[in-house]
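Listed here are the chains, written in short residue letters.
2 protein chains.
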Amino acid sequence: MSSYSQINNLPPRISVGDYIFHRLRQLKVMTIFGLPGEFSMPLMDKLYRVPDMRWAGNTNELNAAYAVDGYSRLKRLGCIITTFGVGELSAMNGIAGSFAEHVGLLHIVGMPPTSATTKQLLLHHTLGNGDYETFFRMANDVTCYNTIIIDSDFCADEVDMCIRMAWVKQKPTYMGVPSNQIDLQVDSTRLDIDLDLRLDPLISNNNNNNNIAYNEIESIRTLSNDSLEQAESQRMEGEITKIILKRIYESNNPAIVVDACVARQGLLRETQLFCELTMFPTFVTPMAKGIINEDMNNFGGVFTGSISSPDVREIVDFADLVIVIGCVLEEFSTSSFHFNIKPKNRIVIFDDSVKIKTVAYPDINIKNLLKNILFQLEQSKINYSFHKNLELQVPRQELTRDQLLRQELVWGEFSHWFRPGDIIITEVGTSAFGIIQTKFPKNTWGISQALWGSSGYSLGACLGASFAAQELKQEAAMYGNVNNDQLSHRVILFVGDGAFQITMQELSTIIKANLKPYIFIMNNQGYSIDRFLHHRSNAKYYDIQQWHYLSLLSVFGATDYETRKIITMGDLQDMLGDQKFAINDKIRMLEIMVPSMDVPQAIIDKWQREKEGSNVINENDHPHSIETSNSDVLSWSESPLTELEPDRKKRYL
Amino acid sequence: MSSYSQINNLPPRISVGDYIFHRLRQLKVMTIFGLPGEFSMPLMDKLYRVPDMRWAGNTNELNAAYAVDGYSRLKRLGCIITTFGVGELSAMNGIAGSFAEHVGLLHIVGMPPTSATTKQLLLHHTLGNGDYETFFRMANDVTCYNTIIIDSDFCADEVDMCIRMAWVKQKPTYMGVPSNQIDLQVDSTRLDIDLDLRLDPLISNNNNNNNIAYNEIESIRTLSNDSLEQAESQRMEGEITKIILKRIYESNNPAIVVDACVARQGLLRETQLFCELTMFPTFVTPMAKGIINEDMNNFGGVFTGSISSPDVREIVDFADLVIVIGCVLEEFSTSSFHFNIKPKNRIVIFDDSVKIKTVAYPDINIKNLLKNILFQLEQSKINYSFHKNLELQVPRQELTRDQLLRQELVWGEFSHWFRPGDIIITEVGTSAFGIIQTKFPKNTWGISQALWGSSGYSLGACLGASFAAQELKQEAAMYGNVNNDQLSHRVILFVGDGAFQITMQELSTIIKANLKPYIFIMNNQGYSIDRFLHHRSNAKYYDIQQWHYLSLLSVFGATDYETRKIITMGDLQDMLGDQKFAINDKIRMLEIMVPSMDVPQAIIDKWQREKEGSNVINENDHPHSIETSNSDVLSWSESPLTELEPDRKKRYL
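Protein chains in written order, with the numbering used here: chain A, 1 to 653; chain B, 1 to 653.
Hints are computed from structural coordinates only; laboratory data are not their basis. Even glycine gets a Cβ: it sits at the ideal position worked out from N, Cα and C. You may find that some hints are simply not true.
To be verified - Derived BS3-like pairs: lysine-lysine, alpha-carbon spacing no greater than 30 Å straight-line:
| hint | chain 1 | residue 1 | chain 2 | residue 2 |
| --- | --- | --- | --- | --- |
| 1 | A | K565 | B | K512 |
| 2 | A | K512 | B | K512 |
| 3 | A | K540 | B | K357 |
| 4 | A | K367 | A | K169 |
| 5 | B | K357 | A | K119 |
| 6 | A | K586 | B | K540 |
| 7 | A | K119 | B | K355 |
| 8 | B | K512 | A | K650 |
| 9 | B | K649 | A | K512 |
Said to hold, decoys possible - Rough simulated footprint, nothing fancy, chain B against chain A, three-plus residues with beta-carbon under 8 Å:
| hint | stretch |
| --- | --- |
| 10 | 132-138 |
| 11 | 333-343 |
| 12 | 453-462 |
| 13 | 566-574 |
Go ahead and model the full structure; you've got the sequences and the hints to work with.
See the structure below:
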């Protein structure tokens with residue numbers, strides 16, 4: 001079998017610029033995001049020399065950072081190139097989001113030539129103080145590894161380290177490349193040895209696939225023997241396995257909460273299997289929706305801590321054992337919900353450590369740990385017996401066709417329209433709450449930036465996810481893992497009008513690349529989630545300029561596209577019932593008109609429960625929250641609607 | 001005379017939130033930029049309680065940062081409010097630009113309540129590490145002062161300090177305001193004492209006015225006596241004055257270079273007067289264009305260092321004395337030009353220090369120094385006698401009406417269309433070079449981010465400048481300083497299509513606020529300046545998606561507007577000759593079609609001169625620059641055009 005350098009016909013020595021892109025290609029990172037800049041152009045020229053690689057060409061750096069994050073969530077790694085100073089700082093918020101949400105990516109920054117920096121020449125894009133490392137230092141807080149390529153002896157090692165750390169730690173890394181260092185020479189034969197990514201080779205090819213059949217259980221159990229030998233030598237993992245198994249067997253009221261690091265670290269199959277073998281009631285955090293097969297009888301929906309539905313809280317709050325798998329943050333609080341579990345009842349599995357009650361066990365190989373548990377688990381010893389089918393049923397609503405839409409009416413309808421393989425992206429506003437009420441089919445991917453919560457993220461992520469979906473489809477075909485779910489991969493975005501405006505020009509990049517997502521704009525005329533959560537009134541600064549959103553596809557140069565304005569229940573049903581509409585053969589933009597004072601039921605429920613006294617935020621922390629009686633909920637959720645109803649349709653047309 | 005607190009009917013104690021906006025109002029900062037966010041909303045509610053204040057409501061934070069920068073360049077101070085983490089990091093690149101280019105602004109960040117931070121509760125918009133000061137620390141490198149409001153005893157002092165430092169240092173300051181600290185109480189009578197801004201009270205009301213009549217010279221000379229007494233007590237200033245005067249008298253071949261800090265520090269009148277009294281040949285840097293009256297016989301145009309026109313270099317390169325006033329950076333280098341002056345012949349006046357030859361004098365009050373010089377200057381002792389009229393003449397071009405446009409043909413025409421009072425903003429791409437070739441009328445403001453050079457800056461700046469222009473007009477009317485120039489203040493933007501896409505949604509904010517700038521989009525189908533400077537070829541990554549730009553006004557909800565597509569010389573002449581077009585009574589967007597391989601003559605000249613061996617950049621620094629012979633200039637600037645010419649018009653229609 002020929003080596004990588006032979007197959008690709010590489011000369012013995014290649015430039016470090018070429019080397020970077022070959023390494024990324026080996027990890028199937030085929031699309032590079034970013035914008036060209038004076039100092040990054042020489043590097044970008046190398047990109048076009050490596051087969052199959054493509055340049056996304058974003059419209060601005062923040063959008064590019066959101067895009068690479070969306071891409072990486074599906075492919076485990078992404079790469080963005082920006083230019084020194086102006087470019088990298090523009091991307092900063094996006095990179096910070098990837099850091100907070102455990103998304104692995106390589107941020108390459110094209111830097112001025114080393115001759116300029118050693119002479120402290122005052123170049124442009126500097127702060128004028130002769131300090132070229134300011135931005136490098138600033139990046140330190142939002143990356144897990146950073147370096148500047150300056151030494152020909154170590155440059156290839158540094159490249160490998162940046163890529164390896166981004167992959168393994170699932171955090172951003174930063175690599176500064178001075179424009180005169182691109183042609184440092186490295187041995188091309190380095191590429192013949194794969195990067196050590198500490199992943200079990202058995203399933204590394206399929207780490208993005210969460211489609212587990214029951215007959216795979218035995219095969220994983222059997223085949224895992226080899227790697228388990230190595231794993232069992234890890235005394236600590238063995239010890240923790242015993243403790244966890246003991247707790248599993250003893251528990252009378254257990255619950256599993258699955259969080260986002262399961263997806264980031266490629267633990268989808270192990271986690272799914274664990275939930276199926278134990279039959280413990282299983283929930284996902286908002287960030288993890290889509291990771292677990294929602295058709296399971298023991299899948300109970302989304303756990304949103306203090307604002308979870310009563311059904312969810314009944315189980316999790318009264319559980320004598322809560323196992324959190326792939327935990328991003330043990331405790332977590334937004335203006336909309338608090339998320340914490342009593343220490344004495346919890347086993348928390350992070351990305352590389354475990355916490356049992358209050359004892360922390362660092363440096364654990366989680367993949368091996370989960371396999372250990374799966375291998376040793378004896379179902380007969382489990383005390384708990386599954387007794388209640390939790391499966392979510394989303395009933396069809398019986399409404400007249402001319403019923404004007406509200407958030408509450410919209411989300412259920414989509415549950416019936418989603419299909420296996422879909423990639424569903426929701427913006428952090430009202431959409432992220434609406435999606436909680438939907439049911440995902442098997443093998444659905446959910447993307448939402450629930451923790452960092454940067455408005456405008458989702459349109460960038462939609463671009464990145466659309467590129468990734470295209471590549472996943474090609475990869476599936478290439479490796480013969482073809483089933484219909486993997487071949488469709490419709491990318492579906494739900495974004496509010498307020499958030500859409502923040503990053504809207506990325507729509508142009510989607511069109512330029514001929515990608516075909518569904519973009520549902522929930523038009524509620526401004527920042528409605530803030531209107532509700534912070535004031536329960538309509539301060540001027542929540543309003544935004546009203547645009548003719550559906551014209552944008554044409555203005556940005558799209559030729560083959562579809563747009564619809566959805567005002568009534570009939571409009572919605574016609575659209576979702578249209579077979580042609582369900583085929584993602586062109587870009588589609590759909591504007592769904594909902595009232596400005598309207599939010600999904602989950603948010604109203606949350607607020608109502610807070611008011612009822614459970615988990616009330618200390619009101620002193622929010623001196624401006626307005627005191628309201630219970631009747632205000634009604635006046636918020638109903639009165640404005642009724643009031644507006646008569647002329648609403650007219651206004652939309 | 002009633003005090004501020006009496007006039008405004010303030011209670012004895014007011015909240016620190018109110019206090020902030022009253023202080024800003026006292027400095028005529030009436031428009032606040034930014035976006036609402038969970039943690040900043042309580043503060044924003046205060047904004048609406050202070051008379052005359054308005055909220056810009058930007059579409060994203062980077063655009064808001066550019067806008068406040070543009071606003072501050074005209075009003076000396078601006079204010080932007082963002083929210084913790086996501087908001088402030090998105091604005092980072094814009095704030096860094098203000099820092100690099102000496103623009104004073106207050107960045108207020110709405111932070112989580114102190115209860116959350118002291119408990120290290122993991123809120124969203126955090127990096128998940130319990131560190132709430134990460135972003136505060138990151139801001140440290142791009143601000144001259146930063147603080148978090150937490151102490152009721154000192155909060156008003158901190159507010160004053162942030163505003164004072166931003167004004168005096170002309171750099172950004174950072175003020176974190178935890179959401180539960182907004183209502184800390186402060187004495188409203190503090191507002192009865194103006195902030196000490198170390199400005200001469202004599203001209204503080206007019207510090208933005210560079211309209212100097214000759215009959216004012218004597219009045220300034222006379223009236224300055226009082227403040228001079230104080231100034232002369234500063235021994236150092238007196239000593240420097242003597243040295244500078246001696247050099248002025250002795251010089252046979254002097255030159256003055258005016259840089260941007262003259263505008264930032266309100267030294268417009270003093271500088272103008274100095275140039276008029278000495279009659280030394282006077283030049284401006286690209287960042288300072290508009291500061292000096294270009295009608296002066298001794299005004300010689302723009303000094304761009306190594307790429308200056310031969311006429312300019314002949315004077316500056318051979319000068320025995322170069323006085324740089326308001327210097328931003330002593331040495332400065334972009335990919336397009338180098339800027340440095342031989343130490344032995346230079347006197348460099350910075351914003352708060354002076355350098356004579358190689359000796360630095362720190363902590364100098366520049367305003368007093370310039371007044372000292374003006375007061376003591378004896379014209380009869382000046383050795384140099386002005387002999388050559390340098391005044392720029394821009395001839396009318398004789399071309400057929402159907403001549404297709406090129407950059408070279410466009411800029412001269414605009415020289416004849418500009419009028420006094422115009423505010424002319426140019427993007428850092430080809431436009432910033434084109435504008436060098438134009439002649440500005442008196443009292444014109446130029447805005448260009450020449451040093452930091454962040455693409456997309458100009459549209460945000462256009463919004464900020466449009467708000468400021470509106471306010472300057474009102475102020476002029478209020479203070480009775482009315483003349484036609486001050487009342488018109490047309491805001492005119494030149495931006496390339498590539499840069500426009502980066503921040504394009506800010507057009508919506510311009511429309512929302514009913515502002516009426518002229519937006520000239522130089523459509524060259526991508527990043528042409530980079531095409532030329534870095535490759536002299538058309539790599540794919542320079543191309544951008546082609547939009548129907550002129551449709552955007554309507555899509556964003558404008559109703560009263562004008563658009564034109566300008567393809568031929570006839571189109572351009574018709575537009576600029578139309579009297580109605582010259583009146584800024586509506587928003588206008590004008591798309592000027594130029595070839596993708598076309599750049600202004602200044603860039604071609606620069607490159608040609610570099611090739612001729614003067615000030616050649618070390619080619620080793622740019623391993624990818626393509627070796628070319630002189631004939632390539634021709635093939636760049638002519639051949640592609642000729643080639644495209646036949647079907648160009650058709651393609652544009």
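Quickly compare the C-alpha distance for K367(A) and K169(A) to 30 Å and report which way the hint goes. With a Cα-Cα distance of about 13 Å, the restraint between K367(A) and K169(A) holds, given a limit of 30 Å.
So if I understand the rule, the pair passes when the alpha-carbon distance is 30 Å or less; does K586(A) with K540(B) pass?
Between K586(A) and K540(B) the Cα gap is close to 24 Å, so the pair holds against 30 Å.
| For the stretch 333-343 of chain A, do three or more residues have a beta carbon lying closer than 8 Å to a beta carbon of chain B? | Three-residue rule met by the stretch 333-343 of chain A, so holds; n is 3.
Item checked: Given hint K512(B) paired with K565(A) - CA-CA distance at most 30 Å -> 23 Å, holds
Is the listed coverage of the stretch 566-574 of chain A by chain B valid when you require three or more residues with a beta carbon under 8 Å from a beta carbon of that chain? violated (count 0)
* To do: For the pair supplied as a hint, K119(A) and K355(B), confirm whether the alpha-carbon distance does not exceed 30 Å.
  => 21 Å, holds
Q.
What's the verdict on K357(B) and K119(A), does the C-alpha distance respect the 30 Å limit or exceed it?
A. 20 Å, holds
Measure nothing beyond the straight line between the CA atoms of K540(A) and K357(B); if it is 30 Å or shorter, mark the hint as holding.
Violated, at roughly 56 Å.
Verify the coverage statement for the stretch 453-462 of chain A against chain B, using a C-beta to C-beta distance below 8 Å and requiring 3 or more qualifying residues.
holds (count 4)
For K512(A) and K512(B), compute the direct alpha-carbon distance and say whether it is at most 30 Å. 29 Å, holds
* CA of K649(B) to CA of K512(A), is that 30 Å or under? -> 23 Å, holds
- Query: K512(B) and K650(A): Cα distance at most 30 Å?
  - Reply: 22 Å, holds
This entry does not satisfy hints 3, 13, going by the numbered hints stated previously.
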